[in-house]
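So the sequence lines, in the order shown, correspond to chains F and P. According to my numbering, numbering within the first sequence proceeds without interruption in unit steps and concludes at 352. According to my numbering, numbering within the second sequence proceeds without interruption in unit steps and concludes at 1142.
Accuracy of the hints is not assured; some may be wrong.
As the list claims (entries may be wrong) - Derived DMTMM-like pairs: lysine to aspartate or glutamate, alpha-carbon spacing no greater than 20 Å straight-line:
hint: 1; chain 1: P; residue 1: LYS1046; chain 2: F; residue 2: ASP329
hint: 2; chain 1: F; residue 1: LYS314; chain 2: P; residue 2: GLU1018
hint: 3; chain 1: P; residue 1: LYS1002; chain 2: P; residue 2: ASP1066
hint: 4; chain 1: F; residue 1: LYS314; chain 2: P; residue 2: ASP1066
Keep in mind the hints are simulated off the structure, nothing from the lab. Quick caveat: nothing in here was measured; it's all calculated off a predicted structure.
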Amino acid sequence: MPIDKGREFAALLEAEAARAEAVAEGAIEGWFAIGGLTMRLRFLGSSLVPVIAPAFAHLEIAPRDHAHLTLECWDCAALGLELPSAPVPMAAFTARGELQGLGAGVHAAFEPWGRQLSLFDAARRRAFFCVGNGAEIRRWERAEPVRAILSWFMREYGRQLVHAAAVGNADGGVLLLGRSGAGKSNTALGVLKSSLAFAADDFCAISAEPVPTAYSLYCTAKTIEGDWKRHPFLKSLNPDLDMFGDKTIYYLAETVPEKLIAEFPIKALLLLRHGGNACHAVPASPNAALAAVAPDTARLLPGAGPEVLHKVGKMVRRLPCFDFFLGPDPKRIPDAIEALMTRLDAERLEPA
Amino acid sequence: MKRFRVNVPDVVFEAFDEEIVLVNLDTGNYYSVRDTGPEIWLALAKGEGLEQVTRMLQASYAGDPDAIHASVSSFADGLLEAKLLVADGESRDAPALAPVAEGDRPPFVAPTLEAYSDMQDLLLLDPIHDVDQAGWPVANQA
Chain F
1 MPIDKGREFA ALLEAEAARA EAVAEGAIEG WFAIGGLTMR LRFLGSSLVP VIAPAFAHLE
61 IAPRDHAHLT LECWDCAALG LELPSAPVPM AAFTARGELQ GLGAGVHAAF EPWGRQLSLF
121 DAARRRAFFC VGNGAEIRRW ERAEPVRAIL SWFMREYGRQ LVHAAAVGNA DGGVLLLGRS
181 GAGKSNTALG VLKSSLAFAA DDFCAISAEP VPTAYSLYCT AKTIEGDWKR HPFLKSLNPD
241 LDMFGDKTIY YLAETVPEKL IAEFPIKALL LLRHGGNACH AVPASPNAAL AAVAPDTARL
301 LPGAGPEVLH KVGKMVRRLP CFDFFLGPDP KRIPDAIEAL MTRLDAERLE PA
Chain P
1001 MKRFRVNVPD VVFEAFDEEI VLVNLDTGNY YSVRDTGPEI WLALAKGEGL EQVTRMLQAS
1061 YAGDPDAIHA SVSSFADGLL EAKLLVADGE SRDAPALAPV AEGDRPPFVA PTLEAYSDMQ
1121 DLLLLDPIHD VDQAGWPVAN QA
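Construct the entire structure; sequences and hints are all you get.
Structural data, given as structure tokens:
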């Protein structure tokens, strides 16, 4: 009888979670609505609560009868437990940390900093986030926790995580595309002073059907050190500064909860470009949008492969794409985004 | 006659009307294939032999057959060098294709393969270099 390594490892982690819960003498629970789906977070011990929960604070909901995913989290060091042994040899780890050879329906990945083990069991709608030592998790990862698990979870329900910022309102919004340094975070934070709302500054989920839709995952934003000094309004967002010059992190649910939005229909894709005499948009090809978002998305998500290109490819074919030149005055950017959306609405109503 | 296959699972691609975007997840490079490149890529990815693809293009486009042959071979070499395709043995000789009348054929435009390596540095931050006692990868502290 063939051994299903993935199923076996999922069962082992389930047993370890039960052991962690016994040691922790119970669980701390939180319920969240992510991408229109319900996630039940169970913390087995309190040490990972401040690491994971704040990033999802804007999506918290009252407990439900049913969860699309139950995710159990524990910190071995805090509970005096050991991380289980790796179920596959060194050669089975990819550069992105995923464990190959587990079989269908079970996905797992490992991140060395803090020794973070993520496992998703699709059939049982369960996931486990077990860390060797939560104190060693890198600071910026707290802004985007359990990303691999969210990626597998969302994919199971037809959504796709993408490396993009997202801003808009209930009528619709835009995805902001570009590599690190393109201006995604500052542009997304810039809308906090406009009538638009913030959904994401780095990663969001999308679905292409029936209407292309963006979903917020995290209420956090990250800027490079010193940006909060150049843009004084950022200081009012209570930035979490790092004494070693790491990125500045903003937990927006604490400071501007009314400016956060959980989801909106996507009206356009904007490829951020520095420069231009004024902030303006120029039509771009869908393949330019694909090239701007898909490679980074595939690189940053364990297990992401052809489906990233196919799903993002489907989305870019359905939406207008623009090179969006940021111009010299950041204050004008939110107005330019709103004007572009108004123009697109008008064109939809009165096609040329 | 040389045959190739897509270097899966490291290579993923998406085809548009006039361009194909490819990503090599192993090297961290991504690529744009244009002009006659998409036609050639799709045929090679389907397992058509190099010679057969060359003859197909010679029959479909106006131009010096030797130049078309050199161009297709050079393009295939580039795909191999970038590890987008890997050799997959030999296939049977390609049947000769009847060319379309010269006047009906568009001029041949050489395939282009443009490489972008700006995500390579990030990918090469691969933290996996050793394992701890429990068999898990150890972080590279450098």
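Each hint, compared with the structure:
1. Note on LYS1046/P and ASP329/F: the hinted pairing is violated, with a Cα-Cα distance of about 50 Å set against a maximum of 20 Å.
2. Restraint check: the Cα-Cα separation between LYS314/F and GLU1018/P comes to about 16 Å, which is no more than 20 Å; the hinted pair holds.
3. About 18 Å separates the Cα atoms of LYS1002/P and ASP1066/P, which keeps this hinted pair within 20 Å; it holds.
4. Proximity of LYS314/F to ASP1066/P is assessed by CA-CA distance (about 39 Å); at most 20 Å being required, the pair is judged violated.
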